[in-house]
Structures are given as C-alpha cells and as structure tokens.
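Just so you know, UniProt numbering puts 37 at position 37 of the sequence shown, and the rest follows in order with no gaps.
In case anyone wonders, no lab produced these hints; they're calculated from the structure.
Please note: incorrect hints may appear among the correct ones.
Once the Cα atoms are required to be at most 30 Å apart in a straight line, the calculated DSS-like pairs of lysine-lysine come out as [stated by the list, open to error]:
id	residue 1	residue 2
1	K36	K77
2	K55	K85
3	K105	K77
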Amino acid sequence: MEQARQHCLRCFCAFEKPTKGSILLNGDDITGDTIKQRSERIGVVMQNPNQMISKQMIFDEVALGLVLRGVKEDEIKERVERVLKVCGLYPFRNWPVSALSFGQKKKKRYHRVNSCIRTRNPHLR
Numbered sequence: 001m002e003q004a005r006q007h008c009l010r011c012f013c014a015f016e017k018p019t020k021g022s023i024l025l026n027g028d029d030i031t032g033d034t035i036k037q038r039s040e041r042i043g044v045v046m047q048n049p050n051q052m053i054s055k056q057m058i059f060d061e062v063a064l065g066l067v068l069r070g071v072k073e074d075e076i077k078e079r080v081e082r083v084l085k086v087c088g089l090y091p092f093r094n095w096p097v098s099a100l101s102f103g104q105k106k107k108k109r110y111h112r113v114n115s116c117i118r119t120r121n122p123h124l125r
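Generate coordinates for the entire structure from the input sequences, incorporating the hints supplied.
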C-alpha cells in the first residue's frame, strides 16, 4: 500500500510518468505537464517536518519558496510575517528552526508551502 501511495504522489508531482490513464487536478488533465508547470499549482507537505528543513532560521525557511520564485524582498517580508502571525510562530521568526518543538515544525512546514502557493495563485488571498 505504501509503495502505491508513493508512486501516486510521484506521478502527481511529475517525478514519474503513469503507465496508463491520466492525472486530473480540479478537472484539468495535467498528465503532460512538466514538473515546473505542476509546481505552480501543487505543493507537497511531508509527514515528518524534519524532512522539509532547508534553512537554519524560521523566517528564512518559510520564505524559501518565495525567494526561489524571485518574489520581491518587501513582498516576501510582508507575506512571511502574515503567515507566521496566522500560525502563531511570529514571535519565533528570528529563532533557529532547531529551537521549535515537533508540533511547531509541523505548522512551519505547512505554512511554508502555503505562502508559496498563495504567491502563485493570488485569488487564494
């Protein structure tokens, strides 16, 4: 069962191609889309938050997807601060990620993906 879920996720993210059938997202066939095209609409949140840590500081970790997309610095600051306030991690924004509890890391990983998806889809604001 685990292998089937992993294969499905890898196909959904375009890391692998399905052997038959098609992949639908909100009614759109995305089977032929590239990884880059799919990343505009799909964000993956790993179960273990420790598998999603790329930066040492909390603010930088949440901002990573926006930075990689070339979002302007002032907009990154505004969006990351807003997201951190929503999830209750704003007071810890200048702390190292390692100082967070497991539960706080889980919140952080979700909001990292969420801040990036909202940038790509402004109507989700």
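Here is how each hint holds up against the structure:
no. : hint       : verdict
1   : K36 x K77  : holds, 24 Å
2   : K55 x K85  : holds, 19 Å
3   : K105 x K77 : holds, 20 Å
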